[in-house]
Structures are given as C-alpha cells and as structure tokens.
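**Student:** Those protein sequences? They're chains A and B, same order as listed. In this text, residue positions in the first sequence follow the working numbering: the first is 1, and each later residue adds one. In this text, residue positions in the second sequence follow the working numbering: the first is 1, and each later residue adds one.
For the record, the hints were derived by calculation from the structure and aren't laboratory data. Some clues are possibly wrong.
[What the hints assert, rightly or not] Calculated cross-link-like contacts (lysine-lysine; reagent style PhoX-like; alpha-carbon spacing at most 25 angstroms):
hint : chain 1 : residue 1 : chain 2 : residue 2
1    : B       : K286      : A       : K107
2    : A       : K96       : B       : K286
3    : A       : K16       : B       : K100
4    : B       : K191      : A       : K112
5    : B       : K191      : B       : K106
6    : A       : K29       : A       : K7
7    : A       : K29       : A       : K16
8    : A       : K119      : A       : K139
9    : A       : K119      : B       : K106
10   : A       : K96       : B       : K100
11   : A       : K139      : B       : K191
12   : A       : K139      : B       : K100
13   : A       : K119      : A       : K16
14   : A       : K70       : A       : K7
15   : A       : K90       : A       : K139
16   : A       : K139      : A       : K107
17   : B       : K191      : A       : K90
18   : A       : K114      : B       : K191
Predicted, not measured: the structure shown is a model, and the values here were computed from it.
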Amino acid sequence: MTSIKIKNLNAYYGEKQVLKEINLDIGEKRVTAIIGPSGCGKSTLLRCINRMNDFIDIFRAEGEIDIDDKDIMQMDPVLLRKQVGMVFQKPNPFPKTIFENVAWGPKIHGTKDKSTLNKIVNNSLKQAALWDEVKGRLKDNALGLSGGQQQRLCIARALAVSPEVILLDEPCSALDPVSTAKIEDLIVALKKHYTIVIVTHNMQQAARVSDNTAFLLNGDLIEYSDTDTLFETPKDKRTEDYITGRFG
Amino acid sequence: MGRLKDAVIEKILLACALISILTMIGIVATLLFETINFFSEVSIASFLFDTKWTPLFKPAHYGILPLINGTLIITIGAAAVALPLGILTAIFLSEYASPKFRQVAKPVLEILAGVPTVVYGYFALTFITPLLRKAYPETNIFNAASASIVVGILILPMVASLSEDAIRAVPRSIREGAYALGATPFEVSTKVAVPAALSGILASFILALSRAIGETMAVTIAAGMMPRLTLNPLEGVQTMTAYIVQVSLGDTPRGTIGYQSIFAVAMVLFIMTLGMNIASQLIRQKYREAYV
Ligand SMILES: Nc1ncnc2c1ncn2[C@@H]1O[C@H](COP(=O)(O)OP(=O)(O)OP(=O)(O)O)[C@@H](O)[C@H]1O
Ligand SMILES: [Mg+2]
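Please build the complete structure, drawing on both the sequences and the hints.
**Tutor:** Right, dumping it as structure tokens:
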C-alpha cells in the first residue's frame, strides 16, 4: 500500500550539492537498503523522506518525493512523520520510563485511554522483540537499558504510532553483534507490515536483510536493483569495486 | 625552572583561595558574634513569635515576623512574575527563535541582569506605582506589589537565561526522536525538552528566588520601611534587607541592641539564602545524569 517514489531529487547544504538527480522507486512491504561510502549522502537521502532536513537552515532540496502518489512537500510535515517513522544511528530514548517512551507518540496523537495505551505499548514492545526482557520493569528509566535494548525500544517507540514506512539510519552501528543479529531478525519480521528503508555501512547486513539495494556514490545513485543481483552481478564497475572492498 | 614556576603559581592560587575562604569565615564569625550578643538580650521565642518589629522605638519589640512577611510577599510576588515569564522566554529562545535572534537576545538579557538595582527601584516608584495607583487608588506610595513586580523583572533575565541553557543542553538527538514521531515544536519543547531539563530549570528558579530574597535597593525604594504584618500587597512593607539598610544608614550607635539587631536579621537572611543555594546545588547534582 505504501510505495515511495523519488523523482529527480537534488539536495544541497548551502552551495554544496550532496544528492544529484536521484530517481528511486521504493516498493511497499519490502526492505530497501542504501549503501555507499561515508559522506556519499545516504543519511541525507533518508532524511529527505520524512523531511527531517527541514530543521537544517542551510538545507535545500529540489525535485519530488511521493508517498502513495502524494507529494510530501505538500503535506504537513507533522502528519508525514507520523506516517513515516525513523530510527537513528545512536539510540535516543527519552529520559523517561520505558512505558512513557513507547506511549509518548500515541499520547501526542490523541490516545488518552489508559487501557488502549497499555495495549499499544505491549504490542509495540512485542513487535520489537523487547517485551520479554522488559515486561517486569516498564516503570524503570529507559536509560538503564543496554544499548541494544535501547535501540529496540526506539523501534518500539516508532512502531507505536503505527507508521507505514520505517526509516532506519545505521541502526546497528553502535551495537554489539548479538544485539545486531536481534535487530536484523526484527527488520526481516517487520517487513510483513511495513515498508522499510535502511541505511547501512555493513554490506553483509544489506545482503542479509534487504530485498533491494541502492548504491550511492558522491551523491549519485550508481546502481539500484534487487539485492542478490547487485551483490552477485553488479552492472557498474564502481559498484563492484565498492562491494568487493576495493575502495570506500 | 618550569617546576619552580609551577610551584610558585600553585602557592599564589592557594593564597587566593585561602583569602576568599578566610573572608567568608570572617563574615560568618562577625554575624555569629553580634547575633549571640543580640540573643543575650532578646529571647529567641520573642524574636520568632512576636508580631511587631520596633527595635528602634519604645516600647521596643523584636519580632522578626513582619520582616520575614515583607520579604516573602515580595519574593512570592516576584516569583509569580518571573517564573512563568522566564520559562516561556526560555522555551521561545531555545525552540522557536532563530539563531540570529538568540545571539542578540542572550547578551541583552545578561545586560539587563547587570543594571544597578537602584535603577529598578526608581523605575518601580516612578512608573509601576503610579500605574497601580491608577488601577487601585487605595495603593500606598510604598507598596509590596510594585516591589514584587520590579523584583520579578529584575530576576527574569536570570531565570530565562539559566533555564534556556538547561533546555538547550538537552541533546539534539532526543529532540529529533520526538520530531520523528510526528510531534510539533510545542510538543517537543513542553513534553520532552522541558521535562528533561527540569532539574536545571528548578535550580535556576531557586537561585533566582534566593536573589529575590537578598535583593535590597529596589525593595527599599519601592516597598518602603514600614514593618507590617499584612498580606495586602497594596500596603507598604519592610523586608529584612530594607531594615538592614535603614539601620546602616541611620545613626544607631555600635554596641546597642538596635545595632545588633541587624546582625540577627542578617543571620536569618544568610541561613535562608544559603539553604536555597544548597538546595539548588543538590537538585542539580541529583539529576545530573538525567540524560546521556
Ligand atoms: N548539516 C549539514 N551541514 C552541512 N553539510 C552537511 C550536513 N550534513 C551532512 N552534510 C554533508 O553532506 C554530505 C552527505 O552527508 P550524509 O550525512 O548524508 O552522508 P552519509 O552517507 O550518511 O555518511 P555516513 O556514512 O558517514 O553517515 C557530506 O559531505 C556531509 O559533510
Ligand atoms: Mg549517515
């Protein structure tokens, strides 16, 4: 139901152009990975999709991004972000209880009923594979959780507002291998219900979790295809060099 | 050579630290000494529970309640002005104002905080009081309301500036997390940033209130010198600080009970402000790790 179409997207920080004529169709209920060397514009591209770059004064974008054929530049960014959730590179739970973290989104969007909130919190924590670890201590401060738990809490927090799209910006880069594996499993499980876009530095991770992969280099979209094709028979020399580790 | 220099510098710094500590001890010792003299003639019970303060007239009464009452009325009034306005200013500056505006506004706030308080006192007397008298003709020339308002204005920059620092210290990543859930700027500031900064905000409140309690010139000019045990803000009151000024400026001879009384009052003032400063420190420490 929720596909994303990026058309002729150009993005600038001040004078500096960081995305060049990006055209990308992101399929619904699939996991799309964005890979590329550091500084190539992956985060910028991801943050265009929920307009998080609006907060950066010097940022400017041209082109169009449609979600379900609606131009996001015409949408209220607040409503857009309810529909398009985001998980950041470093876990950023609120300095509140575990329960409050997950209930925060539904609350600001008008859910007041205590039992409804309870249900949402339980479901979100279960979906984020965190429920078993925290069910006895929902009233504890979220900052007492481990990094991996905090990141899954942030995923639960994003799920709680029932988004249709989830953007993940290197969600595992601050985590140990065990937590990483848990989150990768989670991503695969979540694509039944959500359209997922993930930025990652880790090519094995892209290969493991994604259906499609886009390779960015210096702001250009070099290659975009289904993940197996891109990793096994890349068409572009630069893609091949990057995935075989010859540069980047 | 370098080591010798270090050693000398260390000694000099140590001397400076010792000087300020010794000064502090000296002040407290003087306070204590004269306060003890005072209480050898006035019982603590009458000091705390008598409802009249007339140490310089016959019959002399030494009940500090009217002075504490005057100080508290003005402090509470000032808090009612400065705390809501201060926090709103802080929210505006931290979440809504453009960086350029903030760059101008912050130094202006700090300059406002540096204006001599006697100027605020005359501002109250010549501007706020006439306005009050227009609205409520029964208002005295010297009245607590005018003093409250002006002290509120006087501590407002401190509340705004310190609260703004606290709110802005909340990491950007936490705000982004809230925005990414579809929150409005208002929700982000009131439901994430302000709660996360609460300890710093409370500490700024307490510091500002202790400043209000200790404020001297503005309240002496605006609220007058009549120690009254009243809750009516349109009447004149005397604060603890105003009493100290009154005696210090007058010709009360050293060694008399009138002279000693200012030390007893100063002692009470000292204990109150010290307590509040310690509370502010404790709050800050307790919540230091509110976010990482
Ligand atoms: N707020 C900003 N102001 C100015 N330039 C920026 C800003 N954010 C990013 N850039 C620049 O834009 C380019 C793309 O940055 P972006 O963060 O999108 O890269 P990335 O691919 O996510 O890199 P990484 O893998 O290191 O996270 C970089 O050259 C970066 O220096
Ligand atoms: Mg990035």
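**Student:** Hint by hint, say whether it matches the structure.
**Tutor:** Checked hints:
no.	hint	result
1	B:K286 to A:K107	violated, 28 angstroms
2	A:K96 to B:K286	holds, 16 angstroms
3	A:K16 to B:K100	holds, 22 angstroms
4	B:K191 to A:K112	holds, 15 angstroms
5	B:K191 to B:K106	holds, 24 angstroms
6	A:K29 to A:K7	holds, 20 angstroms
7	A:K29 to A:K16	violated, 34 angstroms
8	A:K119 to A:K139	holds, 15 angstroms
9	A:K119 to B:K106	violated, 45 angstroms
10	A:K96 to B:K100	violated, 32 angstroms
11	A:K139 to B:K191	holds, 18 angstroms
12	A:K139 to B:K100	violated, 41 angstroms
13	A:K119 to A:K16	violated, 47 angstroms
14	A:K70 to A:K7	holds, 12 angstroms
15	A:K90 to A:K139	holds, 23 angstroms
16	A:K139 to A:K107	holds, 17 angstroms
17	B:K191 to A:K90	holds, 21 angstroms
18	A:K114 to B:K191	holds, 18 angstroms
Consistency with the previously given hints fails for numbers 1, 7, 9, 10, 12, 13, ordered from lowest to highest.
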